[in-house]
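Visitor: Going line by line, the protein sequences match chains C and R.
For reference, each letter of the first sequence is one residue, going 32 to 320 in this note's numbering.
For reference, each letter of the second sequence is one residue, going -16 to 234 in this note's numbering.
Don't read these hints as lab results, they were simulated from the structure.
Everything numeric in this text was worked out from a predicted model, so none of it was measured.
Hints should not be assumed to be uniformly reliable.
Below, simulated BS3-like cross-link-like pairs (lysine-lysine); rule was C-alpha separation at most 25 Å, straight line [said to hold, decoys possible]:
1. R:Lys(-7) <-> R:Lys186
2. C:Lys161 <-> C:Lys221
3. C:Lys319 <-> C:Lys161
4. C:Lys262 <-> C:Lys249
5. C:Lys319 <-> C:Lys258
6. R:Lys197 <-> C:Lys221
7. C:Lys249 <-> C:Lys93
8. C:Lys221 <-> R:Lys186
9. C:Lys221 <-> C:Lys258
10. R:Lys169 <-> R:Lys197
11. C:Lys161 <-> R:Lys186
12. R:Lys15 <-> C:Lys249
Okay, the calculated bits of chain C under chain R, using three or more residues with CB under 8 Å as the criterion [what the hints assert, rightly or not]:
13. 99 to 109
14. 154 to 168
15. 232 to 238
All C-beta atoms in this analysis are idealised placements derived from N, C-alpha and C, irrespective of residue type, glycine included.
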Amino acid sequence: MHPAPSIILFTVLSGLGFGLMIFLGLGMPSPTGLSAFIWFAIAYILAVGGIISSTFHLGNPKNILKSFSQWRTSWLSREGCLAVATLLVMGVYGAALVFLNMRIPLLGYVGSALALATVYGTSMIYAQLKTVPRWNHPTTSVMFIAYAVSGGALLAGQVSLAVWFLPAAALLQLFIFLTADGRFGAAGSKIASATQLGNIGSVRQFEPPHTGSNYLMKEMIHVVGRKHALKLQIISVVLLFTPVLLLLLPFSHALALAAVLAHVAGVIVARWLFFAQAEHVVGLYYDKR
Amino acid sequence: MTTLPTHTEKKLGLVIDLDTCVGCHACVVSCKGWNTENYGAPLSDQDAYGANPSGTFLNRVHSYEVQPEAGPAQLIHFPKSCLHCDDAPCVTVCPTGASYKRVEDGIVLVNEADCIGCGLCAWACPYGARELDQQEGVMKKCTLCVDRIYNENLPEEDRQPACVRTCPAGARHFGDLGDENSDVSKLVAERGGVDLMPEQGTKPVNKYLPPRLKDDYTNTGDIDILAPLLEPVAPDAKGILGWLDKALEKL
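Using the sequences and the hints given, assemble the complete structure.
Guide: Have a look at this one:
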């Protein structure tokens, strides 16, 4: 699949933003006044920035309000509804903290749950697709949530939790890197089943339907960059483990910033691979994967 | 509404005969022509006369080479467009309700006025039936020429999809696959029509008729009456040709 920068930024930034909201809602930390304003501003900039970034992927964004209507069947619609609900609830919760110096715990817990559900919704946009066997797996949702929770704990300064969540997320990513390659084959779609010509003999593409490229090939048969996949996987896992070491050193703001940057860089590399390595079954019609 | 209907009154669709298709791409051209001038946004091209042309098409013809265990390879032309699936994954993923499956005839359509161009339906389709128009930013797909098949301004023989109407080989058939007495249903039963990628669970309405068994030339003697004349001319070359043969062998 084409690793569109807008979608990578959307999933990484909004995941972090909603991850931070999970902890803010739980009162970890529970700031008030100006300090609360800064905490919530960071969470909103990440979450909303990510969502705005995702709109650059749209061909016809003027209809965006209609995308809240199909929550009965569409995970993309559900994710949008959940995101707006989270932002509204956390907005009221945050405003009470900033302007009234008052924490309304119930509102915070609801906001946390909604933030977590939003990240799950994001993950299901990808995990629901049977056409992309690499994504069509429970680890996709677990991975999105693991990044939101570990990144959120890191941003929220919950060091005692982050030192457990961060390596857990890194190990999960490592597990995915080690196991996901086999999923396309295990799902069972082959050029023979795609064309239904396999009972005659072995099938290969003789001539493609068009001499140039097209939307399908640009969007779903992205093969550029897979060459360096192994190196990028190693870089990603190393970056994901780095914050753990930095957090175990005596605390300083510089080290904390470095930990956040390493984590975000690791997630971005992993998310780029999430798209670049994902193979869509339509590639079978082009004898490509 | 992106909830799929539990039942459609008809199942209009295509039956494509892989035995008959000659790979002329006339269906591709007529589809592009009709659907550029009619329903919805035109099917745009990018860099049409430049070095890297591409464009939106609702129907494309692949060509495959199939090598049986014995005998020569077979060349099979393979037209592919929307299969108007009963369990269409492209419809349920749509966040805006732009994609829908009609209860009256089972046609899967996009209401372009509602489409945000997110592309998720194209990702959800295993067949590559949907293409996002790069000019308009909305999703395009086969409408089964919904603006022809019910169009009383057209002569009756033209009230079928443009691809079917234009096919010079008669490789494309249009009808109600929900009615087991229809011509298309009988054709599917008779020829053993199949679903593409059944493992995806999409329950396509369109069916593909597999190629018939080929004549086997090995049973009928020589390939050609001229075949004996195609024997190597000089199996044991002498003189300068012989020297050349040996010299070239040694290289």
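Visitor: Does each hint hold? Answer for all of them.
Guide: We went through each hint and held it up to the structure:
Proximity of Lys(-7) of chain R to Lys186 of chain R is assessed by CA-CA distance (about 15 Å); at most 25 Å being required, the pair is judged to hold. About 14 Å separates the Cα atoms of Lys161 of chain C and Lys221 of chain C, which keeps this hinted pair within 25 Å; it holds. Under the criterion of a C-alpha separation no larger than 25 Å, the hint pairing Lys319 of chain C with Lys161 of chain C is consistent with the structure, at around 18 Å. For the hint linking Lys262 of chain C to Lys249 of chain C, the alpha-carbon distance of about 24 Å falls within 25 Å, and the restraint holds.
Pair hint Lys319 of chain C plus Lys258 of chain C holds up; C-alpha atoms about 15 Å apart against a cutoff of 25 Å. With a CA separation close to 24 Å, the supplied pair Lys197 of chain R and Lys221 of chain C stays within the 25 Å bound. Annotation: proposed proximity of Lys249 of chain C to Lys93 of chain C holds, straight-line Cα distance about 24 Å (limit 25 Å). Taking the CA atoms of Lys221 of chain C and Lys186 of chain R, the gap is near 18 Å; set against the 25 Å cutoff, the hint holds.
The suggested pairing of Lys221 of chain C with Lys258 of chain C holds, with an alpha-carbon distance near 22 Å, which does not exceed 25 Å. Straight-line distance between C-alpha atoms of Lys169 of chain R and Lys197 of chain R comes to about 23 Å, which keeps the hinted pair within the 25 Å bound. Distance hint between Lys161 of chain C and Lys186 of chain R is fulfilled; the C-alpha atoms sit about 14 Å from each other, no more than 25 Å. Our distance criterion of 25 Å between C-alpha atoms is met by Lys15 of chain R and Lys249 of chain C, whose separation comes to about 20 Å.
Under a criterion of three residues with beta carbons nearer than 8 Å to beta carbons of chain R, the stated coverage of the stretch 99 to 109 of chain C is upheld, 9 such residues being counted. Given a C-beta distance limit of less than 8 Å, the hint that chain R covers the stretch 154 to 168 of chain C holds, as 6 residues qualify and 3 suffice. Under the rule that three or more residues need a Cβ within less than 8 Å of chain R, the assignment of the stretch 232 to 238 of chain C holds, with 7 such residues.
Hint violations for this structure: none, all hints satisfied.
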